[in-house]
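Novice: Chain by chain, the residues run as shown.
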Amino acid sequence: MTQHATVTGSWSEQFRRFEHNGAEISPAWLRDVRRSAFGDFERLGFPTARRGNEPWKYTNVRPIADATFALAEYDPDVSAGIDLHAYELPCPRVHQLVFVDGHYEPGLSTEPVTEAGLHNDVLGRHGDGPVVGRLADAIEYRVPLVREHLGRLAPAPGNAFTALNTAFLRDGAFVQIPDGTFVPEPIYLLFISTGAQAVVTHPRVLIAAGADSSATVLQSFHSLDGGTYLTNALTEVVTAPGANLRLCTLQRESNDAFHIATTRMEQARDSRIASVVVDLGGRLVRRETATLLGASGASVSLNGLYYGAGKCHVDNQTFVDHAAPGASSNEVYKGILDDASHGVFSGGVLVRPDSQQTVAHQVNKNLLLSSDAEVDTQPKLEIYADDVTCTHGAAVGQLDADALFYLKSRGIGEDVARNLLVHGFVSEVLDAIEDGAVRQHVEQAVAGCLSGSR
Amino acid sequence: MLEVQGLHAEVNGVEILKGVDLSVGVDETHAIMGPNGSGKSTLAYVLAGRPGYEVTAGSVTFDGEDLLALPAEERARRGLFLSFQHPIEIPGVRMDHFLRAGYNELRKSAGEEQLDPLKFDRLIRNKAKAVEMEPAMTKRAVNEGFSGGEKKRNEVLQMAVLEPRLRILDEIDSGLDVDALREVARGITDLSVPGTSTILVTHYDRVLSYLEPDQVHVLINGRIARSGGRALAKEIEERGYDWLEAGAGV
Ligand SMILES: Nc1ncnc2c1ncn2[C@@H]1O[C@H](COP(=O)(O)OP(=O)(O)OP(=O)(O)O)[C@@H](O)[C@H]1O
Ligand SMILES: [Mg+2]
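Chains as they are written, first to last, in our numbering: chain A, 1 to 454; chain B, 455 to 704.
These are calculated hints, taken from the structure and not from any lab test. Computed from a predicted model, the values in this text were never measured in an experiment. Don't take each hint at face value.
[Claimed, not checked] To be clear about the criterion: a stretch of chain A counts as covered by chain B if any three or more of its residues have a C-beta under 8 Å from a C-beta of chain B, and this derived list gives those stretches:
#1 27 to 38
#2 208 to 216
#3 391 to 403
#4 406 to 414
[Claimed, not checked] Label-pair restraints from in silico Cβ distances:
#5 A:K311 x B:V465: 44 to 50 Å
#6 A:L381 x B:R594: 29 to 35 Å
#7 B:H540 x A:A394: 53 to 59 Å
#8 A:S371 x B:R579: 41 to 47 Å
#9 B:D575 x A:H85: 27 to 33 Å
#10 B:R579 x A:E382: 49 to 55 Å
#11 A:D415 x B:D644: 43 to 49 Å
Yeah, the Cβ is synthetic: ideal placement off N, Cα and C, and Gly gets one too.
Please take these sequences and the hints and turn them into a complete structure.
Specialist: If you want it as structure tokens, here you go:
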């Protein structure tokens, strides 16, 4: 117990300071939400791999618990010096919000939001475009959706990192696609870490997709420099009936960074979410992606690519809750593990008793590029309905020696041949990104990462 | 062009080739026949440089150079091509990307300029049409889901693009229907520009009627048991290998 107190002690101090430093101008409901969340965090403490704590069996967050992180300060000079060129999407139009060390950066964002505009948009009275703005604005202007969903989809009592994120909630991104709206250009949420040492950010995103709407949202996490810092991101997503939402996450943190990311989604009837997550950086990465298929006809595809080098530890946990009949899920996660890196994949699928005609497929494949690399992979299927189609498969292997020889027999040298095979391995995941510009952007990041690795 | 002398080779510690001698001159076509498991594919792999095939004795020279000292990719860059008995499927790697990489590596080693994707696209389309293959197939993953015959045709396409000087065709005729066999054989003949030599591994005389061999060799138990002309292939088709095996001391 005493150890527990010291672990959360520095956070308590920080929370008090946070409440004093202007966070008190928030509405009372939000202050209550934050206080209650911090109480949850104090009660929970950081997770440990103690017996019976299955979800944390392979991932030790002790380095995070033992370190002291300070909330990042806003420094306009740093933001002004950032060259966004390297992060630009290859398309003429994009709805872009940029956060630097957790702080909204108006100079780099394309979406100025006014109170009137926000209200009109949210109520569907404005143009046909999406609302892409600061969560702080949406809170201040009392957007009903925010009060309704924020913290509901990702409840703090269940998870220490979720609790921390909510406890320090002040701003973030708010995306709302009005009913019947098709958004052709990507919505781009860019979170840049300056790489400052021992800093923590809690990026927060709320996405609400209206009935029969269609949009692509890319979340991207980058580091300008190689510091040891903590990103604790939380994304909540809710879809109305018939919504079609493509979500993509690209993570390129510094190789010394800690990256915790939690995504909780709730899907209505006939809505579809296609999610692709790509983890390329970080020293310790823990990504939880969960969806509730709460009504019939809902479908989700969860795709993931994770790359580990050095001593990187990258842990992906997915959870699909089939809580209604006739919903479907399809999961493809692939890992490439080099050097002494460690990958973890856990794929949870729950088919509740009345969820007949469920279709759930899950595949996890891992490519070990070094004899010191390791992976732990496990499906966790709980099926309580009888009329279901569920499959799962996991594979761990090296580059196919026969394929390597085939390529070489055509004059292709070792490095190029290995590269072709590695790209072949990941292409299935990247091909799942439907938006061309987003796919190209992510492909380039992956190519850069893989070619830099050898 | 190719001189194989007293070649012994092992796979997993088991000796498969037990002293192979073979001499292939420029513009010559040699057929190699022999019962299943006699070592024909092993010989092809050893020549192409497949890892795991260990040469324990003998020598191979290609244009006077020690072929066995070179890794597989260098052999290819010098103009050697192996058409696989069982072409490998490579999920996720597109045919045209793969072949462009190979083509450009060959050009690079020849000191020539690389071809950009657009120009290569034109090249591969034309080559695909020439070997009567649907150009759309070149956008698919290498051999993935190809039928047996399509895989063989794909080997011919690769040969058409890479333009090797020494072609080792391991059962290019297996699994082809009669029309496909004729087309594939025509493709191979069309590609036989002066200076090209061919080693053709086959079980059947039929393909030899298209590709007129200068010599026919029979490989039995890791050795060339007999060499002769086209008539030898006809005789094998009628009589099988028993009469030769007896002579080879098997
Ligand atoms: N990796 C291996 N490990 C052990 N034995 C092997 C291996 N590869 C080949 N062999 C053996 O070597 C022998 C020769 O095989 P090879 O494939 O060269 O025969 P082949 O003449 O091409 O036969 P086929 O006409 O059936 O294609 C066979 O007995 C085969 O089982
Ligand atoms: Mg064979």
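Novice: Mind checking the hinted window 44 to 50 Å against the Cβ distance between A:K311 and B:V465?
Specialist: Violated, at about 38 Å.
Novice: Hint says 27 to 33 Å; check whether the CB-CB distance for B:D575 and A:H85 agrees.
Specialist: holds, 30 Å
Novice: Does the hinted range 49 to 55 Å hold for B:R579 and A:E382 at CB?
Specialist: holds, 52 Å
Novice: Between A:S371 and B:R579, does the beta-carbon spacing fit 41 to 47 Å?
Specialist: holds, 43 Å
Novice: Does the beta carbon distance between B:H540 and A:A394 stay inside 53 to 59 Å, or does it fall outside?
Specialist: Once the Cβ atoms are compared, 27 Å apart, the range 53 to 59 Å for A:A394 and B:H540 is violated.
Novice: Look at the Cβ atoms of A:D415 and B:D644 and judge whether their distance stays inside 43 to 49 Å.
Specialist: This hint is violated: roughly 34 Å between Cβ atoms.
Novice: For the segment 391 to 403 of chain A, do three or more residues have a beta carbon lying closer than 8 Å to a beta carbon of chain B?
Specialist: holds (count 4)
Novice: Is the hinted range of 29 to 35 Å satisfied by the C-beta distance from A:L381 to B:R594?
Specialist: This hint holds: roughly 33 Å between Cβ atoms.
Novice: Confirm or reject the coverage of the segment 406 to 414 of chain A by chain B under the rule of 3 or more residues with a beta carbon closer than 8 Å to the chain's beta carbons.
Specialist: holds (count 9)
Novice: Holds or violated: the segment 208 to 216 of chain A covered by chain B, criterion of 3 or more residues with Cβ-Cβ distance under 8 Å?
Specialist: It is violated, with 0 qualifying residues against the three required.
Novice: At least three residues with a C-beta closer than 8 Å to a C-beta of chain B: is that true for the segment 27 to 38 of chain A?
Specialist: violated (count 0)
The structure does not agree with the numbered hints 1, 2, 5, 7 and 11 stated previously, though it agrees with the rest.
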